[in-house]
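Colleague: Each chain is listed here by its residues.
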Amino acid sequence: MHRRFLAIWFRHLTTDWWVRKHPELKDTAFLLAAPERGRMIVKAVSSAAQAKGIYANMVVADCRTIFPALQVFDHIPGLERKLLQALAEWCIRYTPVAAVDMPDGLMLDISGCAHLWGGEHAYLKDILNRLRAYGYDVRAAIADTIGAAWGIARYGKITAIITPGTQATALMPLPPHALRLDAAIIARLEKLGLYQVQCFMNMPRSALRRRFGQQLLSRLDQALGQEIEVLEPVCPIIPYQERLPVLEPICTATGIEIALKKMLDKLCTRFTEEGIGLRTCVFKGYRIDGNIQQIQVGTTRPSSNAAHLFKLFELKIPILEPGLGFELFILEATKIEDIPITQDALWNESAHDDVIVSELLDKITGKVGADTIRRYLPAEHYWPERSVTIAASIQDKPAADWRTDIPRPIHILYKPEPIEVSVPIPDYPPMLFIYKGKLHHVSKADGPERIEQEWWIEEGLYRDYYCVEDDKGNRYWLFRSGHYNSREPKWFMHGFFA
Amino acid sequence: MHSKALNSDLIQYLQKEVLSLQGLNKSVGGQHVNTGLGIIESAFPAQIFPTGAVHEFISLSAESAAATNGFISGLISSFMQQRGMCLWVSTRRTVFPPALKVFGIEPDRIIFAEVAKPKDALWVIEEALKCEALAAVVGEVKDLSFTESRRLQLAVEASKVTGFIHRHQPRIENTVACVTRWKIEPVASITEDGMPGLGFPRWNVQLLKVRNGKPGTWQVEWSANSFQHTGRRTQQLPAIQKLKAG
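Protein chains in written order, with our numbering: chain A, 56 to 553; chain B, 3 to 248.
For reference, chain A alone in the conformation it holds in the complex (with noise of 0.2 Å):
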């Protein structure tokens, strides 16, 4: 089949982009500029701002002595292609091959597509009339070869759509920068007075290579269709979503759990193709009444595990209030996750055991709520309060050793209480101490253990603590706050050790 390619020319992409997201700036003169060493460029400029004689890559102090009244704005780094990315994908309903051409276009094969409006004629007029209708300025031209609509889409002057077979007429005219080459060549070609494609186009091969290297001919052959060029056509993400519509409203729940199961099966299946797996899933159900009704389940390590998926939406069916009935189900994963692959050991379960654990703890966070699971790694604090940190997920490992030198209590008190003590001399140990109303008289002691408070976190005064054991046997953990001074220190009850 004979193939036809179209490309489209975004003149002024990003402040086009600029003027839909704040449509006050249309018509003004303003720009986009980035620092580049020590000196704000312009990396884009309206077409207003064109008109003043104001382009790329000038400086911005230059700018504002042509025009004062210039607006600048900060360029967003990698805009363009996050842009032609998107406008490419929204093309796809033109054509289903459309590639991103850096930095200002697009090229779309439309081999086979046209008739489908009308002819190539009302083809083009409806993309650029839509694209036109969107605010962006655009040029565009359909050839034979990528090179020809290329060059013509920018530089040409006569017609847009140049008829099968006659690209080589259609490029004489144009000046070598149609051609794609590189700037080096072109300067090299334009000392040599060669403005046109046609100066050079019948000269020897031979003679071109020598003179101007190998690209000068590969891009004339593209551009004339001796020399085949491939597109990289962009691939929309397809949502990870799955629909299911019922013939009748549905309004029991092994209704719901059936359609979910055939749901869970189906993303299930393309998750294991594609070895990702879901982290939290929405499930939603459109009732006849046009109410939404929907649940929503996380896991604490990515999986795709249908029935294990199943269980943790089970528990929240009765949440959904059917009315009179659903009639479409939609089961959508909003955060979805790489699966580290494993290898299964033959004899050490702890891999699958631990897949088994965070089964068990979906479940739980599913139906109390995900604050109550935690784990503890060793902080490097001296300061109870600090010494130990919630870990982040259940493969954490801690980053240092647990500490066993020193006495820790194994209950501790969330907030330290406080006492009332008798101390034979300060620094000693106390005697006896009044806790809840109870008097405990000490018969063994050991300390102080001076812990200073982290001046760079909090102010405060520093705990001398100390491990006392009353004359039952029981084993406190006590501090004082502060030292002697004018005024008695506090005593305070902080832990209670086995």
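Calculated from the structure, these hints are not laboratory results. Check the hints yourself; a few may be wrong.
Chain B regions said to be covered by chain A (calculated; three or more residues, Cβ under 8 Å) [claimed, not checked]:
hint, region
1, 99 to 109
2, 194 to 207
Within a straight-line C-alpha distance of at most 30 Å, the following computed BS3-like cross-link-like pairs (lysine-lysine) qualify [to be verified]:
hint, chain 1, residue 1, chain 2, residue 2
3, B, K103, A, K452
4, B, K162, B, K211
5, A, K422, B, K121
6, B, K18, B, K216
7, B, K162, B, K103
8, A, K470, B, K103
9, B, K144, A, K527
10, B, K119, A, K491
11, A, K390, A, K316
12, A, K180, A, K212
13, B, K211, B, K132
14, B, K211, B, K18
15, A, K545, A, K493
16, A, K317, B, K132
17, A, K527, B, K216
18, B, K119, A, K366
19, B, K162, B, K132
20, B, K162, A, K452
21, B, K132, A, K366
22, B, K162, B, K216
23, A, K422, A, K371
24, A, K452, B, K132
25, A, K366, B, K162
26, B, K162, B, K119
27, B, K103, A, K527
28, B, K162, B, K185
29, A, K321, B, K132
30, A, K527, B, K211
31, A, K366, A, K339
Among the chain B residues that face chain A by a calculated CB cut under 7 Å, a handful are [stated by the list, open to error]:
hint, residue
32, I113
33, D122
34, V126
35, A190
Note that beta-carbon positions come from the ideal geometry of N, C-alpha and C, so glycine has one too.
With chain A's structure known, arrange chain B on it following the hints.
Modeller: Relative to chain A, chain B alone:
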């Protein structure tokens, strides 16, 4: 003579059968967990600490609660040497993780679940006991009805996970379906020849009830990563209580 031998065989077989029906499976996955309890193990049927069962601990004061958790930590350390993780369920966490290292546990291998409602906590304990991948499950609850304890017992019978239920200041000490009932009280520690300071943790371990075993009281010290029996068996419960137990 022949019939007598046959009878004794039959009786032994029946005793085994009764034990397994009572939830005291001797062989759990073909391996025996050495808890290091020493002389206390003689109180259990077949002199083996019952695994794949639920044990009940009762504490009445904050000090004995700490002692009980210390004793439980010492027990589960031997369980965690073989299998991975342990779930510690409570309505309000009081355990200070760094202290567990002294009892031979890597504190980061314990997953703490802090569930506000006692009813939810029991649900979590039951679900955890059904999960074979856990080494042990510790549950701190206040009250446990007979029906609830039956559910826990049924869960462990299928999964062979060992459960430890710590009841702190229960409203009543009702009968439950657990295989044992313990009370742990701290006692004065012993230091070498009047040296100053505190000694190793030392407890008065009371085994109040044990199904098909002999209850008793012992003094146990935790040192060098194991239970040590420095004192002898202090007292035996009277015969009448022994009959009631279990």
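Colleague: None of the hints should be skipped; say for each whether it holds.
Modeller: Hints and how they fare:
no. : hint            : verdict
1   : 99 to 109       : holds (count 9)
2   : 194 to 207      : holds (count 7)
3   : K103/B / K452/A : holds, 15 Å
4   : K162/B / K211/B : holds, 21 Å
5   : K422/A / K121/B : holds, 12 Å
6   : K18/B / K216/B  : holds, 17 Å
7   : K162/B / K103/B : holds, 26 Å
8   : K470/A / K103/B : holds, 23 Å
9   : K144/B / K527/A : holds, 25 Å
10  : K119/B / K491/A : holds, 26 Å
11  : K390/A / K316/A : holds, 20 Å
12  : K180/A / K212/A : holds, 17 Å
13  : K211/B / K132/B : holds, 25 Å
14  : K211/B / K18/B  : holds, 20 Å
15  : K545/A / K493/A : holds, 18 Å
16  : K317/A / K132/B : holds, 27 Å
17  : K527/A / K216/B : holds, 28 Å
18  : K119/B / K366/A : holds, 22 Å
19  : K162/B / K132/B : holds, 8 Å
20  : K162/B / K452/A : holds, 28 Å
21  : K132/B / K366/A : holds, 14 Å
22  : K162/B / K216/B : holds, 23 Å
23  : K422/A / K371/A : holds, 8 Å
24  : K452/A / K132/B : holds, 26 Å
25  : K366/A / K162/B : holds, 22 Å
26  : K162/B / K119/B : holds, 26 Å
27  : K103/B / K527/A : holds, 26 Å
28  : K162/B / K185/B : holds, 24 Å
29  : K321/A / K132/B : holds, 29 Å
30  : K527/A / K211/B : holds, 25 Å
31  : K366/A / K339/A : holds, 17 Å
32  : I113            : holds, 5 Å
33  : D122            : holds, 5 Å
34  : V126            : holds, 5 Å
35  : A190            : holds, 4 Å
Of the numbered hints stated above, none is contradicted by the structure.
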